[in-house]
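Undergrad: In order, the protein sequences belong to chains A and B. For the first sequence, the UniProt record's numbering assigns the number 1 to the initial residue and increments by one for each residue that follows. For the second sequence, the UniProt record's numbering assigns the number 1 to the initial residue and increments by one for each residue that follows.
Any given hint could be a false lead.
Identical copies look the same in the list; a pair holds intra-copy or inter-copy alike.
To be verified - In the DSS-like style, the derived pairs of lysine-lysine whose C-alpha atoms are separated by at most 27 Å in a straight line are: (1) Lys614 / Lys360; (2) Lys575 / Lys665; (3) Lys589 / Lys226.
No wet-lab data here; the hints were simulated from the structure.
There are 2 protein chains.
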Amino acid sequence: MLKKLLLFALAGAALFTIGILIGHFSDQKNSSSPLPEWVQEVAQDVDENLIEKFIASGGQRKQIEENPSIPHMATTAGDEATVEYMLKRWQDRDTGLDAAWREDYRVYLSFPDKDKPNNVTVVRGSDVVGSIREKEKAYRAEQDDPEVVQPYAAYGPAGHAKGINAAPFGVIGVLVYTDPYDINDGKMSDENETYPHSWYLPPSGVERGSYSTSFGDQLTPYLAAKNDTYRIDEEDITGVSPIPIQPIGFEDAQMLICELDGSEAPETWQGSFPCKYNLGGPGFKNTSHFKDCDVQLDVYNKAEIKDSANVMGVIWGSVEPDRYVIYGNHRDSWVHGAVDPSSGTAVMLEITRILGQMVKTGTWRPRRTLIFGSWGAEEFGLIGSAEYAEEYISKLSQRTVAYINVDISVFANATLRASASPIAQDVIFTASKQVKIPGSDTVSVYNNWMQHSNRTSPTHGLIPNMGYLTGAGSDYAAFMHYLGISSMDIAYTYDRSKTRARIYPTYHTAYDTFDYVSRFIDPGFTSHQTVARTAGNVLLRLGDSILLPFKCSDYAESLEQYLSVAVENFEAELKTNGISMEPLKEAVKSFRTAATSLEQTISSSDVVSNSPLKARRINDQLMLLDRAFLNPLAFPDKYGFRHVIWASRSSSVASFPGLADAVVKARTSGLKQDWSQAHKHLSIVTQAISGAAHTLTEAHAAL
Amino acid sequence: MLKKLLLFALAGAALFTIGILIGHFSDQKNSSSPLPEWVQEVAQDVDENLIEKFIASGGQRKQIEENPSIPHMATTAGDEATVEYMLKRWQDRDTGLDAAWREDYRVYLSFPDKDKPNNVTVVRGSDVVGSIREKEKAYRAEQDDPEVVQPYAAYGPAGHAKGINAAPFGVIGVLVYTDPYDINDGKMSDENETYPHSWYLPPSGVERGSYSTSFGDQLTPYLAAKNDTYRIDEEDITGVSPIPIQPIGFEDAQMLICELDGSEAPETWQGSFPCKYNLGGPGFKNTSHFKDCDVQLDVYNKAEIKDSANVMGVIWGSVEPDRYVIYGNHRDSWVHGAVDPSSGTAVMLEITRILGQMVKTGTWRPRRTLIFGSWGAEEFGLIGSAEYAEEYISKLSQRTVAYINVDISVFANATLRASASPIAQDVIFTASKQVKIPGSDTVSVYNNWMQHSNRTSPTHGLIPNMGYLTGAGSDYAAFMHYLGISSMDIAYTYDRSKTRARIYPTYHTAYDTFDYVSRFIDPGFTSHQTVARTAGNVLLRLGDSILLPFKCSDYAESLEQYLSVAVENFEAELKTNGISMEPLKEAVKSFRTAATSLEQTISSSDVVSNSPLKARRINDQLMLLDRAFLNPLAFPDKYGFRHVIWASRSSSVASFPGLADAVVKARTSGLKQDWSQAHKHLSIVTQAISGAAHTLTEAHAAL
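Chain A on its own, in the form it takes in the complex (with noise of 0.2 Å):
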């Protein structure tokens, strides 16, 4: 009855805009033809007075300070205690989110045996005549905490290993080390050059790890790790090393080193200590105190398979709640991990207080449902992000705009770092041109950025250099390789003229604590805040924007400048072998003509005024973009990687990875079957880059 009355009455009604109905009601606020709540809601956009109040926020130190300061390595009492202030900080009344609560996965995990600890010694018959340190040496009381981790190999098997020259045919063992050169700048000495008197690690300190390749549950590959889901045999793991590991610290490795010896190693292997750097291929030198010793390895590790927990908060959308923005940020540590990952969650809590703080006011509400994830056992190799990808993946690879992940929030104070899909790369422009640097009202984020790294586009010119998420380095992982959900990795990073250290160098070590971070990584706390404000902006561009700040010109532009490294690297050699990548270039090109088109399309419109349909479609458009990218079966040995352009690459040609690897193994190996692979990677990422151009024409174009 209603429809059909309605039909009719609209048959005759006229055509206005909306634009120019709203300008007549803001003149008759009397007018007894008022407009429905919902076209005014639809027609609400990003509110950038509201994102420089945001801005002008925040309080990270007290983020990290209240923060428990305590050892909590997944799944043990330390990281319970974090789950429950994370908890207890999302549930607040006043400052909490719509909704948080835990939900569990029961995963396998591998950590070292309290009672027997894995030790190195070297020994002469039954003799020991030298051994490893069992842990790091404590300057503070933290280093003493009972609950500290033993330096160990996580994932490394239990197992003994004796000899030095034992093996010629096969290595039986591993001692994992970090050289001073690499992480120290050369720096040795803990009486006056490294922690506790700079930010350079004590030569006791040693880097804890997973050693394995893939990511996610070990166990419940493709399948969320469930009480009762089906798991495979632990003897069919793959990636995990067969022999005995363990990291030890660059004291221990000296007095090893220093005394092996053998012929001269590389150039490139000598690293800070003051000897020269031998292969050790007969043992010990004859002139060691160690001559004629073995070298014991024995590993205690063992697998569990425990509850580890992910954190979930929401702020509902009101406009397109069924419309996801994910943030994320692992809780576990290995140790403290005040750096990794509390700096990532300093600045994760500082978002959600004052954006919750405006939803409980009711102030504010974004357009789009905004998602917290403090997830669990990361350092395990990204597992609680994974599950909860594998356990929602319908759900989130429908409705999912975009992941956002700090991890390390502050690994120096020097400058932003970002790597994103490039749809992103405008909207972290945007943000990091609106954001100042620590302790300047003029320099901004990006310009800052831009001159610590920078690149020439073609179509932009100078510009900050972004990075692509080729890894699966965080927890960005799941969402940027098995669902395609355009991400990004936001954190603060060196001045590379200044260190050579490869990470902060207490990474993964019992140094990484308050008192390092106050000090040494971020006095003042002012690089944290930049990063909470420029994630901050991106957070909130993304979720209130009625069109999504995506640019896909910006992806056709990172197709094209992969498509010419490859056909500089391997078209002539294809063509030799009767492939042509013909097909290839016509696929970037009607990318680029269909990419050029949408953001015609985009420009033309006044989406304010328009139907929220056409922005909805539009917005479908560039969300699903990445998700096109998606081939199931591209990458059958790597877990997890479905994304053919970003997968991970063995190859060091900067190219389609599945393309530029098989390219790369034909031309070493020669073999037929080889260069059929070769072929079958061009089509793959041919049809997924022409499948992605057909998302982006015109609805109606070109079915």
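Using the hints provided, position chain B relative to the given structure of chain A.
TA: Then chain B, alone, in the frame of chain A:
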């Protein structure tokens, strides 16, 4: 500027529903505040008057008569003529679509050699003492058309096999025929019993077909078969016969079978021939004129890569052009194909003629985009539709609401038959209630259908028995199984109480002609019209309704039915092997809860008056529900089957296919690793159902 003004202006506006607003305007046509056009457009629901008008239209006989009535096997000159005919019709300025075009793929086909016909002979030494017919007997000019392809088994390899007792340990060649018992209700004489006297198959009739277990182009699995696409080696094709095969008529089969010696074949193997069917172990009978003879099979089939065309047509949507309803029918036949596929083509052409006319005269345009596909090379393995799905996988996955397949539209003129994703049951019922059966003003297609085939639903009571799309019998396969698009397959069919024929008897023979259809299948073409009215009704509802006419509670019922069969057949055994079915039960329960909750939301929503984003949100949930059941890794050995509920199944237990097949295998082998696979498939289907349930929950709940 405008935006800020806008927000300010809106702040003071009062809250009214658009229903009230429209009522207001309907009374005051001269008001100074008319509604913007889009507000009217988005509130237009399906027009029942238009559907009534549509049902009253139609002239299918004309469509069939006009349709080129020549042999049009894929890629032949006859096929090209039908391509041109389709284009002419869909590009007609008065009755055509908005646009129509062809899309070609280079596909791998298989044909007999015109110069060296396949033959089957009975030989004694070098003497030929008998041979089968090379061609079907001509009763009319059609059978004598030189374009009639000789009977053959597509993709059966070329080869020569001789023997009858020559291969006790292995079959070396296969002759295929259909017994008159199974196809002709026992009728065998063309003097008065079979065509041209009835619909039964003449003795020389031979069913052609494709002998391959997978679908889509066989050289380019998962890739669209373009010119430069990577192709696998022919020898790597799986699912085809390694030995020669030849189909023969029952006349020739009788000549051989009734002469066979050996032990008696099982009762179920006996047929209508007036002899005992023996297994033939020792060869022909001693009393036979074929005594001591061999059967010689010479097959000269050749594989060829040829260009095959889809013809595509479109009517653009007005409000949601980025939502597609696809309607398809294949175009290629084996011979004249008056039933298969022209009965379906006639229905599609009549639907597009009526809709095209409405569009051209400006009286109607659908809310969503309607895409029509005239698929090529279906008979060789659903190739045209599969290549289309592979090429446009991203765009189609993101935007397609449903796929309607009408292949053979009339098998027989007794009753409607439909198979579909359960979500589409309701809209098919709605349409079939509105259409009357041929020759009646009172009996609905629905009631007639229920008389012929019904079941008792826990929710609905007695209803027509709609089937599921568990196989790859027609072009719905790529949509349903590969893309997870809710699909349906609609036709008119037999009164099963009146015939045992497994399909209409002249299927894939040279007797499937206009003469046959007009005299035996559907005199008056009224059943064709009934199918057009029903399928067209479904199409209009899917294309025009504000809310998609999909019911997820019907999906819940199907899952519950599959669950109860699984529990009954597998639970005890699984438990014995330490595998719990509780998580699956929980998942199905959570799906039911979510479906109920979504349908409550739907029934309490005034989507006409609300923001169009609300309907869009619900529609996206409904549209993407089948997508949530896709798992590209669940069935690695079955090309294109990704839907974990409806994938093809070997087990006779009508339940979840991966689970059913794995349990049956484990039950047979008793091997631990096979039970492990059963557990894996249990987890896969459990998590798919849970994941689907998540997508049905309110956008903001349980993220």
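Undergrad: Which hint numbers doesn't this structure obey?
TA: none
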